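Start from chain F and add chain P with the ligands according to the hints.
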Amino acid sequence: MDQRISEIVAKYGTDPGSVIAILQDVQEELHYLPRAALERVAGDLSVPLSRVLSLATFYKAFSLKPKGRHPVHVCLGTACHVRGAQLVLEKFERELDIKTGETSPDRAFSLDAVRCVGCCGLAPVVMVGEEVHGKISPAKVAGLVKKYRK
Amino acid sequence: MAEVATARTYRLHLMVCAGTGCVSNHAFELKTALEREIEKHKLENEVTVVPTGCNGFCERGPILVVQPGNVFYQQLSVKDVPHLVEEHFLKGRPVAKFMYFPPEEKTPVPVLSDIPFFKKQVLVALRNRGLIDPEKIEEAIARDGYKALAKALTEMSPEAIISEIARSGLRGRGGAGFPTGLKWQLVRNAVSPNGGAKYVVCNGDEGDPGAFMDRSILEADPHAVIEGMVIGAKAIGAAAGFVYVRNEYPLAVNRLAVALEQARAFGLLGRDILGTGFDFDIRIKRGAGAFVCGEETALIASIEGRLGEPRPRPPYPAQSGLWGKPTCINNVETWANVPVIIDRGSAWFAGIGTATSKGTKVFSLVGKINNTGLVEVPMGITLREIISDIGGGIPGGKAFKAVQTGGPSGGCIPKEQIDLPIDYESLAAAGSMMGSGGMVVMDEDTCMVDVARYFLSFTQDESCGKCTPCREGTKAMLDVLTRITEGKGVPDDIALLEDLASAIKDTALCGLGKTAPNPVLTTLRYFRDEYETHIRDRKCPAHVCRQLNIYAIDPRLCLDKGKGCDVCRRNCASEAISGSKGEAHAVLQDKCIKCGVCADVCAFGAVRVE
Ligand SMILES: Cc1cc2nc3c(=O)[nH]c(=O)nc-3n(C[C@H](O)[C@H](O)[C@H](O)COP(=O)(O)O)c2cc1C
Ligand code: FES
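Going line by line, the protein sequences match chains F and P. Number 431 in our numbering belongs to position 127 of the first sequence; there are no gaps in the numbering. Number 319 in our numbering belongs to position 324 of the second sequence; there are no gaps in the numbering.
Since the hints were made in silico from the structure, they are not lab data. Hints may be right or wrong, so weigh each one.
Stated by the list, open to error - EDC-like cross-link-like pairs, simulated, lysine to aspartate or glutamate; straight-line CA separation at most 20 Å:
#1 Lys364(F) to Asp456(P)
#2 Lys556(P) to Asp595(P)
#3 Lys589(P) to Asp561(P)
#4 Lys589(P) to Glu406(F)
#5 Lys589(P) to Glu394(F)
#6 Lys403(F) to Asp456(P)
#7 Lys558(P) to Asp532(P)
#8 Lys364(F) to Glu299(P)
#9 Lys439(F) to Glu397(F)
#10 Lys534(P) to Glu397(F)
#11 Lys576(P) to Glu605(P)
#12 Lys450(F) to Glu406(F)
#13 Lys35(P) to Glu24(P)
#14 Lys364(F) to Asp549(P)
#15 Lys439(F) to Asp440(P)
#16 Lys315(F) to Asp440(P)
Every value quoted in this text rests on a predicted model; they were computed, and no experiment measured them.
With the rest of the complex left out, here is chain F (with noise of 0.2 Å):
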């Protein structure tokens, strides 16, 4: 993991406003930022490891747990609210039996609320990965999931 953290690094040179970026491209690589590589990247680039964490945590799109193979992310914009979005968030909550915010034990799934992935035109909306699947109702959850689950 080190070796590729300094690769990502190395990319964006050792200008500390890349900090962001560079958080991302982890993310992106890992599903998650664990402890290690905060600490990787704040050594890289001789910052504060206070100031990569502080970063870490006020932007939404880091996550300092482990997410799902599957990240499912049910859209609560206001287009999805208005269409019942609450009611698809629940049913997630039930057939995956965790919690909005959580992953399950095998590591399959994990399943968070975001505001808006701009595909409104399509409420209720739900991405799986990078999939997005439109026109959402809670009676087609079960189906979704298992899709994934093989």
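Just chain P with the ligands now, with coordinates in the frame of chain F:
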């Protein structure tokens, strides 16, 4: 400048929408299937398939438009392809069954521009939507892309550019509506410390939940934004620019990166642009998921690699922005308007719209509306025209109740004001604002107290926590609203909300906090009775606030239609349903936690909500 590759002349161009909405509806599978079928019929030298940016009519995706002829096909699936290719593209007989049928009509509308959704739209910022492949600069150039840049760099002085933009009446499309020409003049006049650089920034953070205008522009026509920024840079004297794009928009980031690369290769960006000696380049910065970063001072902090927290203004970014240098920040849509104004002239642009709001505005028309999608309309159009004519009214014969504009900073406009013209001043007078262009339609099944609570939970969540009024004040308001939606409100709560709202408005540090009370204030202004019903009668008229609902099963429907199917009992989260398979079921009210699952799973409509 590199030679524009002369495109092979095809008989037909099949424009497949590859915006995010259509991609989620398998647009790329459709494209592959079309290409395969075209090859099968040996038509590949006559018919070509072009992936485009968002067409706008997301509701009907995936969408295919055939050019020339502008024939509009909708909701196509891979299995429709063989028939379509053979009939239309081989034999020349357009296929009616894949066309758009207006609700309850038996004849289709074959041509895109005749479809009511498109008829009243006027495309300026979205002038190339659906007409070009955003990843091919040649196609943008063929549609007059970079023509304005050439004019601005070779024929116009910076002062002339600024005065052209000022005379057009263009105002910022990112929310506040500040006059763009004036902003540019301020940045041009500002003196950079030690004679250093100035910057231009494109704000593509698009935080308003329920809005996707900027995403679509970046995905459909990234060159329009790049061209606008180069012109702006020339006008204010900037040597570098940044586009700050939301992290949630990977496709927009990719298309923009491709476009920047191509613009450089064509000598339209980078060193010595068009041989005029002007150097300017643009870099992409990805956001990291914080709504407050759309605010300009927070955005600057984020580009600099710091926490995205706003700071007090003045000084405005025009004086002291990125790294303390004068910085011109404009929204994606604002930048996309610039080239057309330079190309066609300020008088042409100022001829569209109203006295104080010129040009067009892109809105994302979503929520409880038949034709969801992206629309660009002239300023001054009425809400009624947007909702009834373009949007096709409310689904399921429900009654229209309100429309929300301006996102978390805006407000809800009630049906009584449906003839309100859309411009900066009218929306503000109605208690809302133009915002960046989200337009969420609400029907009789929407609870306005719930909507207010929704927005407060959003701002509370997104408050950066730096100033107390926003951090603590929004929390206090949210607590009151939650209490009301749970049936625990007290009569004084309305006055309490109003007091909190005015305190936050007056004392919060940035726009996020100052405008956070707006959704509550407008719903109190127009829908006060709904608040009162929640508090006094402990009832939610729209049955949205579940804690106020009573769930009951109609025994006749349960038995006659559902044969006592038992699905509700098995799904009930709190063992609050009695009965077994084959019997009529009933809800045990003392055990019911009002999760609403039974109503949701019953396929026979036997669960009543009161
Ligand atoms: C909380 C908050 C969020 C904002 N979000 C955005 C945004 O997502 N996009 C945007 O262009 N402007 C946003 N703005 C407005 C910017 O601060 C700024 O006024 C704008 O980018 C200027 O560009 P314009 O003059 O072209 O509109 C936001 C402002 C506030 C207070
Ligand atoms: S509100 Fe859900 S995608 Fe925009």
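Determine which of the earlier numbered hints do not hold for this structure and return their numbers in increasing order. 4, 7, 10, 11, 14, 16
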